[in-house]
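Required output: the full structure, derived from the provided sequences and hints.
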Amino acid sequence: MRWMNLVGVYRPNWIASAATGIASDASSARLSYPSGHAAYMFSSMTVVSLFLLGHFRVLSRPQPGQFALAVMCLVPIMLATFVAVSRVYDYKHATSDINAGCFVGLASGLFAYSLNYHSLGCVASHLPRARVWSTVGLSGVRAPPSPTAGS
Numbered sequence: 004m005r006w007m008n009l010v011g012v013y014r015p016n017w018i019a020s021a022a023t024g025i026a027s028d029a030s031s032a033r034l035s036y037p038s039g040h041a042a043y044m045f046s047s048m049t050v051v052s053l054f055l056l057g058h059f060r061v062l063s064r065p066q067p068g069q070f071a072l073a074v075m076c077l078v079p080i081m082l083a084t085f086v087a088v089s090r091v092y093d094y095k096h097a098t099s100d101i102n103a104g105c106f107v108g109l110a111s112g113l114f115a116y117s118l119n120y121h122s123l124g125c126v127a128s129h130l131p132r133a134r135v136w137s138t139v140g141l142s143g144v145r146a147p148p149s150p151t152a153g154s
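Okay, so the sequence shown: first residue is 4 according to the numbering used here, each after it adds one.
Hints were generated in silico from the structure; no laboratory data involved. A hint or two may mislead.
To be verified - If you anchor each label on the Cβ, the simulated ranges turn out as follows:
#	residue 1	residue 2	range
1	V88	A115	20 to 28 angstroms
2	F70	A110	35 to 43 angstroms
3	L118	L62	33 to 41 angstroms
4	N102	L62	20 to 28 angstroms
Keep in mind the model is a prediction, meaning the values are calculated, not measured. We treat Cβ as the ideally placed atom computed from N, Cα and C, and that holds for glycine.
Spelled out as structure tokens, the structure:
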């Protein structure tokens, strides 16, 4: 079951879809809110943009050409915005559907990035967070060696 099934808001073109008489068109005409395209694009492109901002350390250290670099790191967000606007232009979603999808995508992308990488203002923003391995209850799985084990 998709999470859009919980709301069931009609698409802007639902009258035309219902007039075709095809059951699948009529049922998919109720899956407008929130926009899945906008949510998925903003989720993935938020992670990519934040990764690029952290990788190039745009916010953690001053450097020449920082504004141009920041704009280049935000190109994936511009691509997600293009996809979201195209859904309104194609008459598949209303702007409220797109706004909700963008919010869901941005929130999940920020959450995914914060789980895996340091803050963008941190000096180590280009490095992934260290994972803690546990061998409790797992047979045959070993924890990776610690950096001080060989010293």
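Hints and how they fare:
1. A hinted range of 20 to 28 angstroms holds for the C-beta pair V88 and A115, which are about 24 angstroms apart.
2. Range check, F70 to A110: Cβ separation about 27 angstroms, and the 35 to 43 angstroms hint is violated.
3. Our hint of 33 to 41 angstroms for L118 and L62 is violated, since their Cβ atoms are close to 19 angstroms apart.
4. Here the CB-CB span from N102 to L62 is close to 26 angstroms, well matched to the stated 20 to 28 angstroms.
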